[in-house]
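**Student:** Below, each chain spelled out in residue letters.
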Amino acid sequence: MSENEAASPVTNVYAPPPRGTAIIEVRDIGKRYGNIIALSDVSTSVRAGEVTCVLGDNGAGKSTFIKILAGAHEHTDGQLLIDGEDHTLSSPRAALELGIATVYQDLAVVPLMPVWRNFFLGSEITKGVGPLKKLDIDFMKRTTKSELSAMGIDLRDVEQPIGTLSGGERQCVAIARAVYFGARVLILDEPTAALGVKQSGVVLKYIAKARERGLGVVFITHNPHHAYPVGDRFMLLRRGKSMGDFPKADLTLEDLTAMMAGGEELESLAHELAETMGADSAIAQELKADIT
Amino acid sequence: MTTATVDDERIARTSTLTKLLKRPEIGALVAAIVIFAFFALTTDAFATPSGSSTWLRGASTIGIMAVAVSLLMIGGEFDLSAGAMTGFTGLVVGVLTREYGVNIWAAILVSLLLALVIGAVNGILVMRTGLPSFIVTLGTFFVLQGIDLAGTKALTGQVAIQGMTQVPFYDQAKRVFGSALEVQPHWFNLNLGFMRLDFDWSRPLTINASVFWWVGVTALATWILLRTRTGNWIFSVGGAQTASRQIGVPVFKTKVGLFMTTAGAGWLVGMLLIFTTSTVQSNTGVGQEFIYIICAVVGGCLMTGGYGSAIGAAFGALIYGMVSQGIVYAGWDNNWLKAFLGVMLLGAVLLNEWVRKRAETAR
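Going down the list, the sequences are from chains A and B. Heads up: the first sequence is residues 1 to 292, going by this note's numbering. Heads up: the second sequence is residues 1 to 363, going by this note's numbering.
Hints may be right or wrong, so weigh each one.
Using 27 Å as the maximum straight-line C-alpha spacing, the simulated BS3-like pairs for lysine-lysine come out as follows [unchecked claim]:
(1) A/198 x B/357
(2) A/209 x A/241
(3) A/134 x B/22
(4) B/153 x B/174
(5) A/133 x B/174
(6) A/198 x A/209
(7) A/134 x B/253
(8) A/198 x A/248
(9) B/253 x A/127
(10) A/205 x A/248
(11) B/22 x B/357
It should be emphasised that the hints constitute simulated quantities derived from the structure, not laboratory data. Note that the coordinates shown come from a computational prediction; the quantities given were computed from them, not determined experimentally.
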C-alpha cells in the first residue's frame with residue numbers, strides 16, 4: 001500500500017460495452033481448503049447492464065463465491081473468465097484493477113467524517129505542487145454531490161458526517177463511490193440484510209440504477225423477494241453446490257422461494273408453525289403463500 | 001468559496017457564526033475567553049504585559065506538545081512517553097556537548113534523530129503487535145525516564161546538566177530556540193467602552209521564541225489536518241481503521257508518522273526548554289504527558305479517535321497556562337490547579353461525547 005498507489009485514483013469514466021456482453025464468466029468453479037470442499041461446480045455469468053443474483057441460505061457458500069470474485073481467495077477448481085480471458089485474482093487490488101469492486105456489508109465508511117471526505121477517501125484529489133499541495137475541496141464536494149444525484153440520491157449537505165445518513169443511504173454512497181472510481185462490475189454483499197423494508201426498497205432502486213448505467217451487478221442475498229424484482233439471472237447455492245443458473249424468463253418468484261429453502265423443508269416448517277402458533281398466524285400464512 | 005458552489009435551496013445559508021459553533025474547538029475557545037476575563041478582572045498582575053509574558057511562555061511549550069498529541073489522538077492513539085521525551089532530548093544535547101564536546105548543532109541533530117527513531121519504534125510496535133498504544137508507550141515512558149535519571153547520573157555524576165552557556169555556538173542555537181522579543185508599545189491600552197484596561201508598560205511584553213514556535217506548529221498542524229490528504233488519512237485511521245485499510249489508505253505509514261511527529265514535537269520542546277533556561281533536569285517532562293492529553297481533550301479531541309482539532313488543543317494549552325499562572329496571581333493554593341484540571345477534563349469529555357453522539361446518529 002504505497003502512497004503512489006493511493007495518489008493515482010482511477011477516475012476514468014467508464015463507457016459500458018453493449019448490454020448483455022459477458023464481463024465475468026464462471027465455469028465449474030470451486031474452492032477447497034485442504035480436504036474441505038467449500039464450493040464446487042458453480043457456473044454463472046455477469047453481464048453488462050444485468051443483475052446476477054446469488055441466492056442461498058446461511059452457510060450455502062455465498063461468501064466463498066464472492067471472495068473468489070473479489071480477489072480475497074483464489075479458486076482451486078474451474079475457470080474464472082474476465083473479458084473472455086482466464087484469470088486468477090490474487091488480491092482485492094487485482095480485482096479492482098479489472099474493474100471489479102466489492103461493497104462489503106460494513107461499507108468501509110468512516111462514520112464521523114463528512115460524506116464528501118468519505119467519498120474520496122484514499123483517492124483524494126489535490127491541486128498545487130510540492131509542499132503546497134492541498135485538497136481540491138471544492139471539486140470533491142461538487143463531484144460527490146453530482147455523482148450521488150446521478151445515482152438518484154439527493155443529499156441536502158455533503159458536509160454532514162456520513163454516520164448521520166440512514167443505512168440505505170450509506171449503502172448507496174458506497175455504491176456510487178465504487179462506480180465513480182471505475183467499477184464495471186459491482187459485487188454487493190447482502191446490501192439489504194440489515195435494513196428495514198423501506199430502506200431495502202431504496203437500495204434496490206439504486207441497484208436498478210446501476211444496471212441502467214450499464215454496470216454488471218452481482219447481488220448477494222438470502223431474500224428472494226429482494227432478488228426477484230431487480231434480478232436478470234439467478235444462481236442458487238445450497239451446501240456449497242450450485243442448484244442451477246437461471247435466466248429470469250425460466251423462473252417465477254414462487255419457484256425461486258421454494259428452491260431456496262427447499263420446498264419440502266419449508267412446507268413442514270409452515271405446518272409446524274401452524275400447529276404452535278395457529279393456522280391464522282401471519283408468519284404461517286406468509287410461508288404458505290410462498291410455497292403455493 | 002466552497003459553500004457557493006454546493007448550494008442547495010433546502011439549506012438556509014449558514015452564517016459564519018453558525019459554522020463556527022459546529023467546530024470541535026469552540027468550547028475551548030469560549031472557556032479561554034472566560035478564564036482570561038476572570039483573571040484579568042480579579043487580579044492586578046494577570047493582564048499586564050509582564051504577567052502575560054509569563055503565562056504565554058507556560059502555555060507555549062505545553063501547547064506544542066498538546067497540538068502534536070491531538071493529531072495522534074485524532075489518529076486513534078496515545079503517547080505516554082511524550083513528556084519524558086522533552087527531557088530525554090534536552091539531556092542528549094546536554095551530555096553530548098558538556099561531557100563529550102560534540103558540536104552543538106551536531107548534538108541537536110543527533111537528538112532529533114534519536115527522538116524520531118523512538119517515535120517510529122513506538123508506532124511500529126503498536127501497529128505490528130496490535131497492542132493498545134497506551135501500554136506500549138507506557139513502557140517507552142518508563143524506559144526513557146530510567147535512561148534520563150540513571151544515564152545522566154552515570155555519565156555526568158549529577159542529576160542535571162548546567163552551564164550550557166559555556167558550550168561553543170550556544171548563542172547561535174539560543175537565537176533559534178531560546179531568544180525573546182520585547183514589545184513595548186506605550187500607546188497600547190484598551191478602551192472597551194464599559195471598561196478601560198490601562199496596561200502597565202513599565203515592563204515590556206516579552207514574547208519568547210517558544211510562543212512563535214507554538215503558533216507556527218499550531219498553524220501547520222491545522223493546515224495539514226483540514227487541507228491535505230494526510231489530514232484526511234489521520235481522521236480516517238482514527239475513525240475506522242479497518243474501513244480505511246479496505247479503501248486504500250496507508251494506515252501503517254500514517255500511524256507511524258503520527259508517533260514520529262509526537263516524538264519530533266518532544267524534541268522541539270526539549271530544545272526550547274534547554275536554550276531558554278540553559279539547564280536541563282533529568283526529570284524534565286515527567287508527569288506532563290497527561291497534561292497534553294487533557295489539553296487535547298479540552299480542545300475537542302475524542303478519546304476514541306477520529307474527531308478533534310489541532311487549534312483546539314492550542315486553546316486547551318492556553319487555558320492551562322492562564323490558570324496555572326492566574327492561580328498564583330490570585331494568591332490561591334497552587335494545588336487548586338489539579339482540581340481545576342480534573343473538572344475541565346470531565347466537562348470536556350462529557351461535551352465531546354455529546355457532540356459525537358449527535359454526529360453519529362441519524363437525523
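**Student:** Now tell me if each hint is right for this structure.
**Tutor:** Evaluation of the provided hints:
At roughly 24 Å between alpha-carbon atoms, residue 198 of chain A and residue 357 of chain B fall within 27 Å of each other, so this suggested pair holds. Pair hint residue 209 of chain A plus residue 241 of chain A does not hold up; C-alpha atoms about 31 Å apart against a cutoff of 27 Å. Pair hint residue 134 of chain A plus residue 22 of chain B holds up; C-alpha atoms about 23 Å apart against a cutoff of 27 Å. Note on residue 153 of chain B and residue 174 of chain B: the hinted pairing holds, with a Cα-Cα distance of about 25 Å set against a maximum of 27 Å.
For the suggested pair residue 133 of chain A and residue 174 of chain B, the alpha carbons sit about 33 Å apart, so the restraint of at most 27 Å is broken. As the CA atoms of residue 198 of chain A and residue 209 of chain A are separated by approximately 17 Å, the hinted pair is consistent with the 27 Å bound. Distance restraint check for residue 134 of chain A and residue 253 of chain B: the Cα-Cα separation of roughly 19 Å lies within the 27 Å cut-off, and the hinted pair is therefore satisfied. Pair hint residue 198 of chain A plus residue 248 of chain A holds up; C-alpha atoms about 24 Å apart against a cutoff of 27 Å.
Restraint check for residue 253 of chain B and residue 127 of chain A: satisfied, since their Cα atoms lie roughly 22 Å apart, inside the 27 Å limit. Under the criterion of a C-alpha separation no larger than 27 Å, the hint pairing residue 205 of chain A with residue 248 of chain A is consistent with the structure, at around 18 Å. For the suggested pair residue 22 of chain B and residue 357 of chain B, the alpha carbons sit about 14 Å apart, so the restraint of at most 27 Å is met.
In summary, the numbered hints that this structure violates are 2 and 5.
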